[in-house]
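Enquirer: Read off the chains here:
There are 2 protein chains.
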Amino acid sequence: MTSTEDSTLVDSEFDRGIAIEPRGEGRYDGHLDAAWSIGAGINGGLLLAACAHALRQTFPQHPDPLSVSAYYLSAAKEGAASFATEVVRDGRTMSTGSVSLTQRDDGRPVDRVRALATFGDLASLPDDVQTTAVEPVLPAVESCVGSSLAPQDFKAKAPLLDRFDLRLDPDTVGWAMGSPSGRGVIRGWLRMADGREPDPLSLLLALDALPPVTFDLGLPGWAPTLELTAHVRAVPAPGWLKVVHATRNYAGGLLEEDAEVWDSTGRLVAQSRQLARAPRS
Amino acid sequence: MTSTEDSTLVDSEFDRGIAIEPRGEGRYDGHLDAAWSIGAGINGGLLLAACAHALRQTFPQHPDPLSVSAYYLSAAKEGAASFATEVVRDGRTMSTGSVSLTQRDDGRPVDRVRALATFGDLASLPDDVQTTAVEPVLPAVESCVGSSLAPQDFKAKAPLLDRFDLRLDPDTVGWAMGSPSGRGVIRGWLRMADGREPDPLSLLLALDALPPVTFDLGLPGWAPTLELTAHVRAVPAPGWLKVVHATRNYAGGLLEEDAEVWDSTGRLVAQSRQLARAPRS
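Chains S and F, in that order, give the protein sequences.
Going by the numbering used here, the final residue of the first sequence carries number 281, and the count climbs one at a time with no gaps.
Going by the numbering used here, the final residue of the second sequence carries number 281, and the count climbs one at a time with no gaps.
Please keep in mind that the hints were generated in silico from the structure rather than gathered at the bench.
Just to be clear, a hint being listed does not mean it is correct.
Distance ranges between label pairs, derived from CB positions [what the hints assert, rightly or not]:
1) ARG16/F with ARG183/S: 43 to 53 Å
2) GLU13/S with GLY182/F: 41 to 51 Å
3) GLY24/F with THR265/S: 53 to 63 Å
4) ARG16/F with ARG89/S: 21 to 31 Å
5) PRO220/S with ASP90/F: 28 to 38 Å
6) GLU142/F with GLU197/S: 49 to 59 Å
7) GLY182/F with ARG183/S: 24 to 34 Å
8) PRO126/F with ALA75/S: 15 to 25 Å
9) ARG23/F with THR265/S: 47 to 57 Å
10) ARG92/F with ARG27/S: 21 to 31 Å
11) GLY24/F with GLY79/S: 37 to 47 Å
12) ALA237/S with ASP171/F: 35 to 45 Å
13) GLY91/S with PRO126/F: 35 to 45 Å
Every residue, glycine too, gets a C-beta built ideally from N, C-alpha and C.
Model the full structure from these sequences, guided by the hints.
Expert: Set out below in C-alpha cells:
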C-alpha cells in the first residue's frame, strides 16, 4: 500500500468533498459542495486538495503532493467543477504536473484555479529530521476556544467551520472579543469534525483552515488568496494537528501569510505561504 | 512610464542575461550564458527572472511580477533557450500566465522550468506599510566578507559569483572557515557587480543569489531547487539590498529555504520560499 491510498474509498466529508469521476484524457468531473463555503466562495484549502487529488491520479507511483502552487483566479461556487490535468514531467523519484479547475458560469467555462505540483512518495524518503523550527506550545485542547463559540452571524456565512473541530489558543483570539493582539498570529488545534484522520491530501486543507490572520491585526473581512504554495513534508500521524498562521509583511494592499502544520508526534509535516489581498476596510 | 520599463534596453549583465527575441504566438528565444552558471547548471534566480521577463511581454498593462512559482525540472545549461508563454487570465488589476522554458538536448526539447505567475503594477498599489517583520541588522558593508574571498576551487565552479558584489555578515560565514553555526541562516549585502540598480525583475535574481543555507548547517554540496515561489512586494529603491536566507525544516532529504530582500530604505521588497533537495553527503 502506498502512503496515501485512494481516499475516495473512505466515507468522510473531506473525501466526498474532493471525490472525482474520470472523463478520459486526464479530465475529471467533481462537485463543490456548499458545506465547504466561506464568505462568497469555496475554501481555498479544499480547492487545493481537490486539484491535487485530480492530478495525483496521473502519477500512481508518486501518490503524495510534495509541493503544490495554486493561483486563484476567481471565487469557486457550489456546483459542478471540471479538472483538466497535464503531465509536465514523469520522473523516477518525482513527477510534476499542471491542473486547471474550471466551472461553468452562464454556460461558459470560467477558470477558478490553475496549479503546478510535484508529487513523490513520502514513505520512501529518508528518516532524518533536523528541523530547526520549534514546535508551538499550545494550552491543552480543553483550555482552547472552540470555533463553535463563534458569533451566529459569522457562522451563518461560514459553513466551513462545521467541517472542523478547531480549538484556538486563547492568547490568539482577542480579535473575537474586539481586542486583536496586532501581532498577526493565530494558532490552534485542528482535526476533522467527523474524525477522519489526517493524510498528505488533507494537510493541504489544514494549511488554509484557520481564520485569516488579518483578524489578529484588527482587520475584519475576507482576505482572498491570490497564490498559495504548500509543501507536504511527511505522512502525518493520527490525532490532533497543531496549526500556526502568521504574517510578516502586510503592505501595499497585499499580505503574505505563512502556515505550519505539526502532527501529534511533534513533526512539522506541512508548510505553506500565500499571497493574499488585504481585506477592504 | 510604468514601474519597470523594458530592461532589455539597458546594457547590463543582468539585462543581457534575460534578453529575448519574439518568435510569435507567445514564444521567445533566449540564450543562457555560462556567466550565470553555478555548479552543474544555470542559477535558478536568473531562470526565474528570464521566465518572468518572457511572460511579462504578454501583459503590458501589468509589468511587475507579484508572484512567480517556478518548478525546476532539469538543470539548465549554457546555450539557446525557448520560452513558451500562455495567458491564463487577463484581469483588470492583475493578470496570470504560464511559461515554459525548454532547451534542446540531442535535438529534442527538454523541459527546464515550468512557472505560473501573476503580474500587476506595483506603482499603483496603496502606500500603506504595516510590515511586522524586522529589518535585519548587518555590520557595515566594509566590515562584511566579500565573496571575492571565496576559495579558488569554489570560485572556479561558480562564475555566478562574479555577477554580484556580495558581502556576507561575518556572523554567518563560519562555514567558509570550517565552523558552520548550525543555525541555517546566511545574510549579507547584495548589489550587481556592474552597478545595475535593482528593479522588480532583478529582485527575482536576488532571492536566489546567496550560497545555499545548508552551508551554515555544515552540509557542503549543492541543494537543487525543486520549487521556488517569489513574491515581489514593492519597487526597490536604488542602492544596496539586504538579503537573508534561512531554513526551518530540514528533514527527509528535503529542505525549505526562505529568503527576504530589504531595500536601502528598509522596506521588505521581496520574499521567497523554496523546496530543495538536501545535498548528497
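Enquirer: Does the Cβ-Cβ separation between ARG23/F and THR265/S fall within 47 to 57 Å?
Expert: 53 Å, holds
Enquirer: How does the Cβ-Cβ distance of GLY24/F and THR265/S compare with 53 to 63 Å: does it lie in that range?
Expert: 55 Å, holds
Enquirer: When you take the CB atoms of GLY24/F and GLY79/S, is the distance between them in 37 to 47 Å?
Expert: 38 Å, holds
Enquirer: Are ARG16/F and ARG89/S spaced within 21 to 31 Å by their CB atoms?
Expert: 29 Å, holds
Enquirer: Given the range 43 to 53 Å, decide if the beta-carbon distance of ARG16/F to ARG183/S lies inside it.
Expert: Holds, at about 45 Å.
Enquirer: Has the hinted range 28 to 38 Å been met by the Cβ atoms of PRO220/S and ASP90/F?
Expert: With a Cβ separation near 31 Å, PRO220/S and ASP90/F satisfy 28 to 38 Å, so the hint holds.
Enquirer: Take a look at whether the Cβ-Cβ distance between GLY91/S and PRO126/F falls inside 35 to 45 Å.
Expert: 43 Å, holds
Enquirer: Is 41 to 51 Å right for how far apart the beta carbons of GLU13/S and GLY182/F are?
Expert: 43 Å, holds
Enquirer: In this structure, is the beta-carbon distance linking GLY182/F and ARG183/S contained in 24 to 34 Å?
Expert: 28 Å, holds
Enquirer: Given a hinted range of 35 to 45 Å, is it respected by the beta-carbon distance of ALA237/S and ASP171/F?
Expert: 37 Å, holds
Enquirer: Taking the CB of ARG92/F and the CB of ARG27/S, does the distance hold inside 21 to 31 Å?
Expert: 30 Å, holds
Enquirer: Do the beta carbons of PRO126/F and ALA75/S sit within 15 to 25 Å of each other?
Expert: Check passed, 22 Å falls within 15 to 25 Å.
Checked against the numbered hints listed earlier, the structure breaks none of them; every hint is satisfied.
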